[in-house]
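K.L.:
Chains as they are written, first to last, in this note's numbering: chain X, 1 to 200; chain F, 201 to 700; chain Y, 701 to 1023.
There could be a bad hint or two in this list.
Said to hold, decoys possible - Simulated crosslink set (DSBU-like; lysine-lysine; CA at most 35 Å straight-line): (1) F:Lys485 x X:Lys93; (2) X:Lys72 x F:Lys448; (3) X:Lys127 x X:Lys169; (4) X:Lys4 x F:Lys485; (5) F:Lys583 x X:Lys168; (6) F:Lys485 x X:Lys127.
Hints were generated in silico from the structure; no laboratory data involved.
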Amino acid sequence: MQLKINAKDLASGIFLVLVALVGLYLNQDHSLGTARRMGPGYMPMMVFYIQAGLGALVIFFSLFSGPDPLEKWTKMDWGSLALGIAAGTLAWKLSPSVWGFFGQTYNAVGLGITVGFLVMAISAGWKLLAIICAAVALFGLILEKGGFFAALTAVILVSCVAEHTHTKKGVAGLLVFLLVLCWWVFIYELDIRVNLWPQS
Amino acid sequence: MELLLTNLAHGFGVALSLQNISFALLGALIGTAIGVLPGIGPVATISLLLPITFGLPATTAIIMLAGIFYGAQYGGSTTAILLNLPGEVSSVVTTLEGYKMARNGRAGAALATAALGSFFAGSIATILVAASGPLLTQVALSFGPADYFSLMLLGLIIACVLAQGSIIKAVGMVVLGVALGLVGTDVQTGQQRFTFGIPELSDGIGFVPIAMGMFGIAEIVLNLERPESRSVLSSKVGSLWLTKDEFKRATPAVLRGTVVGSFLGILPGGGASLAAFGSYMMERKMSKGRHMFGQGAIEGVAGPEAANNAAAQTSFIPLLTLGIPSNAVMALMVGALIIQGIQPGPRMVEAQPDLFWGLIASMWIGNLMLLVINLPMIGMWVKLLQVPYRFLYPSILVFCCIGVYSLNNNVFDVYMTVLFTVFGYMCNKLKLEPAPLLIGFVLGPMMEEHLRRAMLLSRGDWSVFIQRPISATMLGIAATALALMLLPNIRKGKDKALAE
Amino acid sequence: MFGKLTRRHALMAAAAFGPTPALAQAWPVQPIRLIVPFAPGGTTDLIARLVATPLQERLGQPIIIENRPGAGATVGSLMAAQAAPDGYTLVLSNIASHGISPTLYPNIRYDAVRDFSHIALLTLNPSVFVANPRAGISNMADFARVHRASPRGLDMASSGAGSSNHLLIVRMGQILGREINHIPFRGAGPAMTAVIGGQVPLMSDSLPSAASHIRQGSVRAIAMSSAERHPSFPDVPTLREQGYDLVTSSWFGLSGPARLPQPVVERLSREVRAILAMPEIRARFAEIGGTAGEFSPEEYSNFVSSEVASWATLVRESGAQPD
C-alpha cells in the first residue's frame, strides 16, 4: 500500500487544527466554570477540542484518499503575497500619521486592505481575487468621506479591471446605469443614511 | 369547526377592505423588493416603516408589516437561486440546489417551484394557525432548555448532510461555524470572547458579511476565473415552467416540507431557523430524486422553500397566543401593536377579533399576492441571467457593498465581508463547503445558550438530557442519523484503503 | 413607496440647509438624530418612538431614530458622546448605558455623567417579581419559605446578565442568606416564555414587558420593587411592604453630547416636559407600567450620577462578571 496524499484534505485538516489551537490558546483568558455554572470558556473549550480532533481525522484520512493536488503557486504568487502583506501592514500602521483621516474609525485598516490587495494583483494567480477584494475595501474606505457616488464609482471601475472583455464605452454605460439605479433604489426609495457627496 | 369558518369569514371581511388589501399588496411588494436586495433585511425595513404605521389603523398596520415579513422571506430565495446570494439562513439551503438548477438552465422552474411551494405551504400553515394556535402553543411551551439543546444538536448533525463531499470535513466546517459563533459577548456573564477589543465584534460577527463574502462575492471571483462556466449561465435558459416530471417530483417534497416547517415554526427558541434544512435533509434521504442532489434536484428547492414559508406563518403563533415575539421581526410587530395601544396576548382573540382574524386572513391573502406578483416576474428574473456576466458582476458587487454597509451603517462590516470573501475563496480551493459552516454559525450560539441554561437548571446534572422525553427522542434521532451517515462513509474509506 | 415620506423629506431639509453651522436661536433647522442604543422593538425603542412623535411636531423638524445596539447599550451611547454638541444628535439614555454599564464594563470609553448633557427623565418603572401560577408562590413569604426549604433552592429567570433585574436577584439572594439560582435569558420575551411554560418558576422583570402577562393572568406578580404600590397594579405589594428594603427602578431619559448650547437644552427640556404632561402620553406610559418623569436638566444629571454610584455598589457586591 502506497500513500496517496490528498493535498486539499491535508491542508484543510491542518487549517482546522491550527484554528482550534489558536482558539484554545485565546480561550485561556476565559474561566471554565463548572458543569453546573459553565463559565465563558467552557463551550469554546469543548468546541475547539472537537475541532482539533476532527482536523486530526481529516489529516489522517487525507494520507490515503488522494491524489488531489493543490493548484501550483508560482514564485510571483508567493512574492506578491509577501509584498502585499508587507505593503498593507505598512499602509495600515503608517497612514494615520500622514493624514488625520486615517486615524479615524477603520480607515487605516481599509487603506491597508486596499493597498495590500492592489499589490497582490500584480501576480496572475491572485489578480481576480485581489481586484474584487480591493474594490469592496475601497468602497468602505471612500464611502463616509467621499460620499455615496464616489464610492460606487470606485467599486465599479476597479472591479471592471478584473475582466478583460470590458470596453471603455461599456464600462461608462454601466457606471451611469448603476449610479442612477443605486441612487433610485437605496437613496430615493429606501433612504439609507449616507452622505451622497464628498464631505469637507 | 363552524365557529372557525365564521371567524375566518369575519377575518376575510376585515382583510378584504380596500384599504387593508392595498396595504397588504404594498407590504408584499416592499418585502419582495428588500428580500431581493442583499443585506437589507425585513428588520431594517420594518423599523424604517414603523413610524408611518402610527397613522394607520392597527389592523392595517399589522397587515402591512406581515406582508413585508413574508414578502422578504420569498424575495430572499430569488437571489439565492439566481445569483447564489443567500440573505438569511433559510436561503443558504435554497442556494444548494436552486443555484445549481439555474446553472442547468432551469432557473425558471426553480423560481416557479419556490413560488408555488411557498404559497401552498403558507395556505396550509395559515389554516393551522387559525384552527389550533392555542393548542400548538402548549406544545411549544413544553420545550425546555434541555429539549432545545438536543433539537439544536440534531440540527447540527443534520447540517452535515448538506455536504456534497466528505462528511468529516463537513462536520469540521459545522464545528468551525460554531466556533465563529462564539465571538462576541457571552450572554450569561457579559464577558467579551475573541473580540480582540473591537467593539463591533461585541455582538458577534454578522451573518450577512459571512454569507455575502463566502457565497456571493467569492462566487463572483470563481466565476471570473472560469469564463467557460458562466457562459452556461447565460446561454441556457430553457422553459420557464415546470415539466410534468418536475411537478410530480416537487409535489411530495412540498407536502413534507409543509409538515416539517409548520412544526418547527411554532418553537420560539430557534425552531424556525431549522425548518429549511430539516426539510432539505428529509428530501435528500427520502425523496425519489435523492440521487440527483448536488446537481440541481427540484426536491431540494421545493421542500425547503415550503418548510421555510410554513414556519414563517406558524412563527406567528407564540406572538398571537402568548404575546411573545419569537424573532426580531415579531418583536418589531409587538412594538407596533403596543404603540397602537394594543397588548398582544391570549386575550387578543376576544379583545381585538378584527385584528386577530383579519391578520390570519391577510396571511393567506398575502401569500396569494406573492404568487400573483412573483409568477409573472419569473420571466424577467431569468432574463437577468442573460445580461452578459461582465455587466452583471459589478452590479452584484455594488448591491452587496451597499447592503452590507446599511446593516449597521458601519464600514467595519464591509471589511469583514472582504475577509470572508478570501476565506470563502480558500474554502473553495480546499473543497471545504460553506453551507455547513453557516448553519453551525447560526445554531451554535443558541445551542450554547440552551446547554448552559439546562445545566444551570439541572444543577450540573448531565442526565437531564436523557431524562426528559423530548430531549431523549431528539438525541436518539441524532445518534441514528449520525450512524447512518458515517457507516457508508467508513465502509467506503475502508474499501478504498483495501483496494490500494 | 412609503419609506420616503418621512425620511426623504428629512434628508431634503438637511440638504437644503447643508452644513452651515446652525445658530442656537434658530435651532432646530435640520433633522435631529436620536440614537437608541437598543434594537428596534424593545422597551427602550418603544419609549423613544412614543416621545419622538409629538416632539418632532413641537420642534418642527423630523426626528430620525437610529438604533445602535450593542455591548450593554454602550456602543450607541459612545457614538452620542463623541458627536458634535450642536443639538442634532441626541441619545436615549437609560439605566443600562448610563447606570450599570459604566461599572460593569471597565473598558467603557465614556463617562456617563461628564460626557453628556442630560436633558430630561422620560419615564421610570419598577421591576416586578413574577411567578408561574402553578409554582405555589404568591408572596415574598412563600418565596423565602420555598427557597429555604427546597433542597436545590429556587431558580429565577432574568432578561440578561448585568441587567438591573439580574442584580436584583443577586441582592435578594444575599438578603435571604442563600444564593438564588439565576437563569439569564437573551431578552425578556424568551425568559417570560420559560416562566409561562413552567421551565423556570420565577422571574425578575421590568414592569413594561411583564405588564400584559400579569394582566392576562399567565403569571402572578408577587412583589414590586417601587417605593410605593404602583397605581396601575394596586394589588401588588412592594418588596418593602413585605419586609425587604430594596427599592430600584429602571429609567429612560433624553441626553445629548456634553456642552450642548444652553438654549437647546432649555428648549428640549421645556418641550419634553410638556409632552410628558400630555394625558395621552401619561396614559401610554401607565399602560406599560411606567411613570412619566418630571426632572429638570440639573435634576436629571444629578439623578444619573447618583444611579451610577448606587449601581456600582450593587455590581461590586453581587460580583457580577463584567469585562
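K.L.:
Which earlier hints can't be squared with this structure?
P.N.:
Violated hints (numbers, rising): 1, 2, 6; every other hint is consistent with the structure.
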